[in-house]
Amino acid sequence: MNSFLSTNAPKFEQVLIAIAAFFTILMVVFYLAGKANGRKQRPMAIVVLLGPAMILLSAGLIVPAIQTILFSFKDANSVKFIGFQNYSWLFANPDMRKVFFNTLLWIVVTPFATTALGLFLAIMLDRMKRESVAKSLLFMPMAISFVGASVIWKFVYDYAVPSKPQTGLLSAIVRALGFKPSNWILTQPLNTFLLMIIFVWVQTGFAMVILSAAIKAVPADIVEASALDGAHGWRLFKNITFPMVRSTTIVVFATMLVTSLKLFDIVRTMTGGNFGTSVISNEMYAEVFVRFDQGRGSALAVILFVFVTPILVYNIRNLRRERSIA
Amino acid sequence: MSISKKGCLATVGVASLSLLATFVTTVAPANAAINCNKVIGTGYAQLKGKTVTMFTSILDPELSKYQKALASFTTCTGIKVKMEGSNQFEALLPVRVKGGNAPDIAIIPQPGLLAQMVATGKAVVAPAQTLKNVNKYWSPGWKGYGSVNGKFYASPNSANMKSLVWYSPKQFAKNGYAVPTTWTQMMTLADKMAAAKQTAFCGGIGSGGATGWPATDWLEEVVVRQFGAKVYADWISHKVKFSDPKIVAAMNTVAAWMLNPKYVGDVKAIATTTFQSAGLGIPTGSCMMLQQASFYAAQYPAGTSVAKNGDVWAFYLPGINSAVKTPVEGGGEFFAAFSKRPEVQELQNYLSTPQWAINRIATAGSGGGWLSANSGVPLSAYKNPLDQLSAKYLADKNSTFVFDASDAMPAAVGAGTEWTQLTSWFADGKSVADVAKAIDDSWPAQ
Chain V
618 MNSFLSTNAP KFEQVLIAIA AFFTILMVVF YLAGKANGRK QRPMAIVVLL
668 GPAMILLSAG LIVPAIQTIL FSFKDANSVK FIGFQNYSWL FANPDMRKVF
718 FNTLLWIVVT PFATTALGLF LAIMLDRMKR ESVAKSLLFM PMAISFVGAS
768 VIWKFVYDYA VPSKPQTGLL SAIVRALGFK PSNWILTQPL NTFLLMIIFV
818 WVQTGFAMVI LSAAIKAVPA DIVEASALDG AHGWRLFKNI TFPMVRSTTI
868 VVFATMLVTS LKLFDIVRTM TGGNFGTSVI SNEMYAEVFV RFDQGRGSAL
918 AVILFVFVTP ILVYNIRNLR RERSIA
Chain H
105 MSISKKGCLA TVGVASLSLL ATFVTTVAPA NAAINCNKVI GTGYAQLKGK
155 TVTMFTSILD PELSKYQKAL ASFTTCTGIK VKMEGSNQFE ALLPVRVKGG
205 NAPDIAIIPQ PGLLAQMVAT GKAVVAPAQT LKNVNKYWSP GWKGYGSVNG
255 KFYASPNSAN MKSLVWYSPK QFAKNGYAVP TTWTQMMTLA DKMAAAKQTA
305 FCGGIGSGGA TGWPATDWLE EVVVRQFGAK VYADWISHKV KFSDPKIVAA
355 MNTVAAWMLN PKYVGDVKAI ATTTFQSAGL GIPTGSCMML QQASFYAAQY
405 PAGTSVAKNG DVWAFYLPGI NSAVKTPVEG GGEFFAAFSK RPEVQELQNY
455 LSTPQWAINR IATAGSGGGW LSANSGVPLS AYKNPLDQLS AKYLADKNST
505 FVFDASDAMP AAVGAGTEWT QLTSWFADGK SVADVAKAID DSWPAQ
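Chains as they are written, first to last, in my numbering: chain V, 618 to 943; chain H, 105 to 550.
Do not rely on the hints blindly, as some may be mistaken.
Chain V residues, not near chain H, derived (Cβ > 12 Å throughout) [said to hold, decoys possible]:
1) Leu643
2) Asn710
3) Leu754
4) Ala777
5) Phe892
6) Asn932
Which stretches of chain V does chain H cover? Using the computed rule of at least three CB atoms under 8 Å from a CB of chain H, they are [unchecked claim]:
7) 791-803
8) 830-836
9) 905-917
Quick list of the computed label-pair ranges, beta carbon to beta carbon [stated by the list, open to error]:
10) Ser675/V / Ala195/H: 22 to 32 Å
11) Phe256/H / Leu721/V: 35 to 45 Å
12) Leu721/V / Ser347/H: 45 to 55 Å
The hints are simulated quantities; they were obtained by calculation from the structure and are not laboratory data. Ideal Cβ positions, reconstructed from N, Cα and C, are used throughout, including at glycine.
Here chain H stands alone, though its shape is the one from the complex (with noise of 0.2 Å):
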């Protein structure tokens, strides 16, 4: 369960009350003579007078240093970018294409719309340029998220990372502990600090309405590590069901970790403990790890130094099996294109090249938060220490690479039973059997 998809729920919700906040800005080109093959690269052709639309549901401000970004694009081939952002983006795209109405390009955050965009006919497959650079700088599972049906439609935009542990690194220091990298270390450190009278993992699953998704990515990291990306996506497509005995053995993983009570203290107050505040004891020491994505740094009140010798850092989630390689759970957006014209071809070829990545990144400032999973970007152009940890995995050309799962499940499942079931699980103590036979038994007939 990502934020977009609760995002989008609360959209549904407020859909006919809210005003629909359409920006729309054309890119200026930047006055300053620049060195275009450095700055964009070689191979574009001068289109002077061309414009490409662009239709994204990021807004501003996060638009605006799209369009900060774009500068040098055109500058250097006279190709103006109109981008047009839309909280309403999920539900319009759909509408637009359909209505013969389609932007050149648009951002998709969702492999599931992407189908749904290229069953409409409408969307064209990505140049020939753009794949090879695709296939150049991405890992199969990032190109595979781009693909529909065997066909490569649309080339990664930015990525985010889900398989961090949060901890202290004081902590660690004081206690003299060190980072695991692997899952046996995490544990056999977790049972030394269980001797110490310390508690191991910190946990929270509520979220209001959605209380639960914590607990579906804990279930979806353990599933990539000891089954690998193929029974990962035959669990979204139910064909590996949740009683089948490859989840259910995650389960029982899971079980071990986050509902051990030697590591975790009160397993039921995980339920009713909010994920915003679950670690926030760790730069105290009160519970020392914490598995949740990368934006929980943002949760840590002003003060907090997040640094790798601070009060709180993160590590990578370590694998299981060691037969998947560098397991990494996280999300994406994609450049879906929707007509053939040179002028957008060029782009969308741009748009896959690191020197685009590159210049986006420097837009995002010292702050940073903006990511791309393309293995040509060096983790040096990352002014973010938190950014650059994150990049290294994401941009692992040899990681297996799995969205969200609960997302990309049926509503009623991933929106619905999984949560619930899991809830349970902590809450009620119920077993294993008895929530996954639930969650399949909720499954949508086709």
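Isolated chain V (complex conformation) (with noise of 0.2 Å):
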């Protein structure tokens, strides 16, 4: 250990020596700024306080958004221009073509399933017994990371030949109710809902949790006025409790489609991307991290961000219009 500080003491020498210069810097500038008064003074004031911000953004993610635009129009080693080589070879390549088709299936099936499963616990659960017993129950995957459920899953989904003694949990069960069991993860295209099984169990108690807490804010004399006047289950649910958490549910809903969108640690763990089940977030860090071609990666990169992008607008417009109404 000594050596190691020994040989590295001036790294953390020059780090300290940085940070310090950060702070008188910005100590002189607001000392600067504080003298200004006068008509200087709002201009001044929105410099000195939006500036450090606008360059933490710029730096953390404006420069890199455009270094990997101008990357994915690049070589392998980001050296030549090579014009739009790697895009013609993403929508070309019927490999990538399956990749786009799973990405697609990732975004219209989990969103739906983890928010309307949710949905559905969080009001069969309200005001039940023990309520925040199960709620805890159904939560506790969200404390697990992805690469662990998906550690987990393999259990599940583990498949040994006939003759052997079978290790997998649905192999196991499969077998018990009298049928044959198959190599799940093999199983195309079978072998993806699987996976996105995953996705859900681990992020449907998040869901529950965030609608059941929307649910618990119906004012209780609204309920209690439509129930005098008759509505009951599924007439209650669709004309009052729904109308009432729907902002809530889009935002839960938009979530969900960003982060399956994103999603890389179940697919990388369970299948590293093989046996048809890749999607675009595993392929970009197999290209930049195993097959060494940045411009494909960033090509890839560009493409996630070109599907993100409406989702987050949507997203925020609509935060912003319920501020308004509130």
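Put the two chains together into one complex, using the hints given.
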């Protein structure tokens, strides 16, 4: 450990100096800005208060984003510009088309499944006896990372040749029911849906907790009034509860949509992208860090970015509208 | 695909997070008086007070074994060896060499990196005595991997062996099977096992994000066995394509071997079986043979006897074409020098002698794990019988030694389509022609 400190001490020194310099500059700027008054005061305040955030934002987000877009038009080592070749390769390659299709499948199925299941559970568990116990149990998978969850589910989907002892839970269940187990993770397109179940298992608790909070926020007098008017069960849900939690549902749905669009861990851990289960972010990682092709990896990142943007825009506009109503 | 490559990939992924683990230590001279002529050999000048720096990816506890093995050299010549190991070796070496801060000697684990170092113009050719030793003790294949553009730069350090087949001597004895010494014998034996309703070959190519690499090894073993080192080298440089009749023929040989339901049972299951668990059934006879590298011994749980007459043991994967003598696939490391100072050359000379290898093997202890392809090392120097078995073929001067081909191909193929397409070959029953075409199409344009 001594040798580690002695060889790296200069680096720490530099870091400390840089931090000190940063704060000194900030202090000077604040001091000077504080001196300004009159007509200059407001624009000055905007610059001083917004400036650091803008600088950090551009260093951490805007510059890398622009760089990624530039890289997507360059070759594997980011040296030569090659026009749209990376993109044309992505769209011409049959394996890649499968990847896009899988990603589409993920964003169509998983947000619906998690949000609907979350909403269903939130309503069913609402005002139930020992509600918190049931909720805690359902929320628990959320505390596990996708990688951890995948490792657990690997044991569920595990397959052994029929002549050997079966180790997979799913195979055991199927066999107990009198059917023949198959090699789950290999069976296309079933395998993609099996991976989605992991996502739903992890994320449903989260959706349920948020939606349950929204349901609890529905004023009791409205519920009571509608009950007096004869609304029960499905009608109460359709006409009263759901409209009141609609915006929360949309936020949950959008969050799930973005999470499933960016999904990487489950595919990486379960299949490594093999057997026709790969998605965009897995290919992005594989291109950059396994096949060392920055161009194609960046092009995939840009495509992902293009997909995510409209969802984020919709989400933000929705939040704004809600704020203006409130 | 070797373990080192996977380590390297993982390193890239976490490079920004990991601290640079760097250990610097100096070899301390041994106190006991030793017979220098016997321990390190003759012909070394006394160069007291001189120091040679060595940079490597080897870390403790292996690194300290090197230091222990070099102690006698320091005692006898007065040359101190300062070894520095880093887990960022492959990223740092090019930076240090280009920045004018090159170590005197670097232990390079890949022929590609050696070529890259030679291209910087900073690497120096090996001294005459080192070349003489290498000519005398190593097979031409090994010398070739230490050479760039026909000039010899780096003598081999350690070696590892892939061309092994794991089997159970107890099960073989029970069934009256003999260890095959030719490919035809191996297939006849497999037929016999199939007739006895046994699974002749175990297989597993699952390896997370690197799934498929064991299959690339099987194909490589067959390519070198059927067509020799020249075709193998041309295959790596894509002069011989995957769709070339030769490679297609090799793929068909693999298909008749590891994709043959008669021998392996469920072919598809090979794609989802991890390479680690593939051969665990060998001691009980649930499958009989597994082609896998020497490191596979570590997969068996404690209590399994890995011995010539034990639960598991290995035999040399036999050749196919008698014109290709003792084909061996494996890997190794090389000592590349960046200075011509006399003390550096003296150390280079020493590192190319059997004495060095014997001293290094001695520090490995009874567990072994360090092999040299130096034919001057008597097999009796190895305390571990498995090391003895591997060394017998690695150090054969007539052997046809080749490095892992997928490691040497462009990453888009060697860590990309070759893995995924061969996996698809097993998992989806993709045809040989389609697999070959998909890999050829993905070859990066120069």
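Broken hints, by number = Numbers 2, 4, 5, 8, 11, 12, in rising order.
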